[in-house]
Amino acid sequence: MTAKKTIKSAFESMLFVWGEPLDVSIAAEIFNISRKDAYDCFKELQAEYEQEGRGIRIREIDKTFQYCTYVENSEYIERLCNPAKEKRLSQSALEVLAIIAYKQPVTRGEIESIRGIKCERVIEGLVKKDLIAEVGRSAGIGRPILYGTTPAFLKNFGFKDLKDLPEIDDIESIVCKNEESDTLDLQQISIDFIKS
Amino acid sequence: MTAKKTIKSAFESMLFVWGEPLDVSIAAEIFNISRKDAYDCFKELQAEYEQEGRGIRIREIDKTFQYCTYVENSEYIERLCNPAKEKRLSQSALEVLAIIAYKQPVTRGEIESIRGIKCERVIEGLVKKDLIAEVGRSAGIGRPILYGTTPAFLKNFGFKDLKDLPEIDDIESIVCKNEESDTLDLQQISIDFIKS
Amino acid sequence: MSYKIKLDIFEGPFDLLVYLIENARMSIYDIQISEITDQYLRYLKRMQALDINVATEFMVLAAALIEIKSKMLLPRMKQDGGVLAEEDPRTELVQRILEYKRFKTAAELLEQQEEYNQRIFEKPKEDLTLFASEAEEYLNLDLKQFVKVFHLFLRKKKNLEDIQRNYSRVERRTVSVESKIDHIKSVFRVKAKRRLNFKELLAPQSNRSDVVITFVSVLEMMRQKTMMAKQNVNFGEIILSLNDNTGNGKKNPAEGDIVS
Chain F
56 MTAKKTIKSA FESMLFVWGE PLDVSIAAEI FNISRKDAYD CFKELQAEYE QEGRGIRIRE
116 IDKTFQYCTY VENSEYIERL CNPAKEKRLS QSALEVLAII AYKQPVTRGE IESIRGIKCE
176 RVIEGLVKKD LIAEVGRSAG IGRPILYGTT PAFLKNFGFK DLKDLPEIDD IESIVCKNEE
236 SDTLDLQQIS IDFIKS
Chain H
56 MTAKKTIKSA FESMLFVWGE PLDVSIAAEI FNISRKDAYD CFKELQAEYE QEGRGIRIRE
116 IDKTFQYCTY VENSEYIERL CNPAKEKRLS QSALEVLAII AYKQPVTRGE IESIRGIKCE
176 RVIEGLVKKD LIAEVGRSAG IGRPILYGTT PAFLKNFGFK DLKDLPEIDD IESIVCKNEE
236 SDTLDLQQIS IDFIKS
Chain R
19 MSYKIKLDIF EGPFDLLVYL IENARMSIYD IQISEITDQY LRYLKRMQAL DINVATEFMV
79 LAAALIEIKS KMLLPRMKQD GGVLAEEDPR TELVQRILEY KRFKTAAELL EQQEEYNQRI
139 FEKPKEDLTL FASEAEEYLN LDLKQFVKVF HLFLRKKKNL EDIQRNYSRV ERRTVSVESK
199 IDHIKSVFRV KAKRRLNFKE LLAPQSNRSD VVITFVSVLE MMRQKTMMAK QNVNFGEIIL
259 SLNDNTGNGK KNPAEGDIVS
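Chains as they are written, first to last, in the working numbering: chain F, 56 to 251; chain H, 56 to 251; chain R, 19 to 278.
One thing to keep in mind: the hints can contain errors.
Each computed BS3-like pair below joins lysine-lysine, with the alpha-carbon atoms no more than 27 Å apart [claimed, not checked]:
no.: 1; chain 1: H; residue 1: 184; chain 2: H; residue 2: 140
no.: 2; chain 1: R; residue 1: 63; chain 2: F; residue 2: 210
no.: 3; chain 1: R; residue 1: 143; chain 2: F; residue 2: 158
no.: 4; chain 1: F; residue 1: 118; chain 2: F; residue 2: 91
no.: 5; chain 1: F; residue 1: 98; chain 2: F; residue 2: 118
no.: 6; chain 1: F; residue 1: 218; chain 2: R; residue 2: 162
no.: 7; chain 1: H; residue 1: 142; chain 2: H; residue 2: 183
no.: 8; chain 1: R; residue 1: 217; chain 2: F; residue 2: 218
no.: 9; chain 1: H; residue 1: 91; chain 2: F; residue 2: 210
no.: 10; chain 1: H; residue 1: 98; chain 2: H; residue 2: 218
no.: 11; chain 1: F; residue 1: 98; chain 2: R; residue 2: 143
no.: 12; chain 1: F; residue 1: 63; chain 2: H; residue 2: 140
no.: 13; chain 1: R; residue 1: 174; chain 2: F; residue 2: 158
no.: 14; chain 1: F; residue 1: 210; chain 2: H; residue 2: 59
no.: 15; chain 1: F; residue 1: 210; chain 2: H; residue 2: 60
No lab work stands behind these hints, which were simulated from the structure alone.
Can you build the whole structure from these sequences, using the hints too?
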């Protein structure tokens with residue numbers, strides 16, 4: 056008589072290689088045990104996987120058993136099967152995003168006056184990418200929409216919160232200093248930010 | 056931040072559907088966690104399956120993980136079905152593979168000088184089986200090809216990585232042991248020889 | 019009937035040699051070279067008698083063995099740190115056998131490992147088409163790029179602010195028409211002419227506000243009757259002449275003069 060632990064372990068291996076629903080009577084025959092005993096082993100295994108909250112489960116289909124994935128994990132399987140495509144932002148999108156990040160909440164009009172160019176499309180694109188969102192309405196004429204960055208924006212840059220953004224005042228002083236000496240060391244600035 | 060329990064459960068589902076060795080970095084990306092954290096999750100799962108004496112196990116191959124059956128259950132699996140087995144390697148293939156595994160990167164010339172015999176064909180066969188691959192060129196005369204083992208080698212032989220290869224430095228002691236043990240006489244060889 | 023079997027029961031000449039040494043229960047470190055060479059040759063001969071292709075490598079080793087055998091008969095002395103030591107012609111052979119032996123053992127270990135692993139089974143990949151969907155696009159934003167762009171933006175903005183600052187400076191100057199009048203007078207002095215074209219009062223790169231203030235100053239001088247202006251046709255040249263402080267202005271400027 057084979058120990059129950061061995062039988063259960065063997066059943067797991069068998070389910071795994073079989074793939075399709077495995078008939079209890081076939082499994083029983085291999086160990087020369089009753090169908091009832093084999094069925095109980097499968098049921099015990101099934102309960103164990105559930106109790107332990109495993110990502111694979113054993114399902115019963117008409118006196119057969121089969122391994123399957125835990126239903127709640129389908130989202131992750133989908134992500135695994137559909138690796139995200141990398142996409143880059145255009146220069147203008149980055150610029151608008153930067154203005155919004157630093158001046159938020161900000162209206163489209165303000166952005167346009169800073170950039171001196173229309174940016175309706177760019178803003179639409181950034182909203183669609185969930186990097187910016189409407190955060191309210193300005194008290195000004197026509198009550199224009201105010202834009203701000205989203206949590207997805209923070210996540211993209213690995214910022215904990217908006218305070219994590221590189222200091223804008225620093226940049227301005229650096230810009231001014233640089234204009235005087237006319238030696239702009241961009242690399243240096245970005246390294247400082249990463250360190251901070 | 057996703058709970059560790061959820062991540063581990065998702066990793067199990069992912070391993071199951073993926074079938075093939077799953078790269079730790081791919082798994083890490085899905086949850087936007089570090090490779091180290093993802094690796095630790097896999098290792099924890101691996102330990103759990105071992106402790107519980109499960110019939111399926113998680114094996115590690117070169118920073119990838121894969122579900123497989125528990126080795127001691129092979130007998131029951133074979134009773135259940137006729138699992139396809141890879142053809143075993145010939146003695147000469149094993150010898151060449153051993154030299155490459157331990158001395159990589161290594162040129163054909165070096166292998167041949169150790170074995171005292173040509174092994175172009177054997178190398179070709181191993182390349183075809185994806186157990187070894189060109190890994191570069193030697194700086195020596197004629198810039199001969201350097202060979203090294205592949206991830207498939209690690210998988211087929213059940214090594215986690217190259218550090219996992221058995222130690223062969225104290226082989227001299229093995230040599231001495233062999234000298235004491237009985238061996239076949241000459242007559243025996245020629246009979247074997249003709250049969251083969 | 020002839021047997022066309024390759025000599026692959028031994029994995030090469032070293033394999034055969036190792037077999038013979040072990041079979042004769044010799045120490046690898048003290049090979050009885052004469053005996054082992056004879057055995058080796060006898061073995062090759064038997065293979066040939068069976069019409070088996072003996073690879074040339076086996077012959078090469080046979081020759082090497084015979085060479086060692088002959089050297090053993092005539093021991094050579096070698097200088098070794100001032101001491102004369104007997105050179106053992108077997109040394110290199112032993113080293114090669116040991117190295118070969120190492121890998122032969124490794125091959126055996128690999129074989130065991132292979133056998134073990136063949137008892138482990140994996141499952142094929144599931145059909146994942148069910149999960150396939152439009153791939154999600156993600157942004158590859160890095161902080162460096164973001165900062166660079168923002169930096170560029172700030173420079174642009176600063177340039178804009180500089181221009182705006184210039185404008186306001188020009189406006190401040192318009193307040194002082196007097197100084198412009200002085201300037202106009204000095205131009206007449208410098209050029210030493212009685213008559214000047216309006217355009218000659220302007221600096222080469224005058225902006226619009228400069229033109230305006232110059233024009234306003236000219237009007238003011240005409241009001242003060244220190245200057246006379248003449249324009250023959252609409253939009254034509256305005257010819258200016260200074261009154262020699264006599265104060266008798268004769269002509270009013272034409273209306274609608276536009277200098278652009």
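So, going through the hints one by one against the coordinates:
no., hint, in the structure
1, H:184 x H:140, "14 Å, holds"
2, R:63 x F:210, "77 Å, violated"
3, R:143 x F:158, "50 Å, violated"
4, F:118 x F:91, "10 Å, holds"
5, F:98 x F:118, "11 Å, holds"
6, F:218 x R:162, "17 Å, holds"
7, H:142 x H:183, "13 Å, holds"
8, R:217 x F:218, "56 Å, violated"
9, H:91 x F:210, "19 Å, holds"
10, H:98 x H:218, "17 Å, holds"
11, F:98 x R:143, "26 Å, holds"
12, F:63 x H:140, "24 Å, holds"
13, R:174 x F:158, "16 Å, holds"
14, F:210 x H:59, "19 Å, holds"
15, F:210 x H:60, "22 Å, holds"
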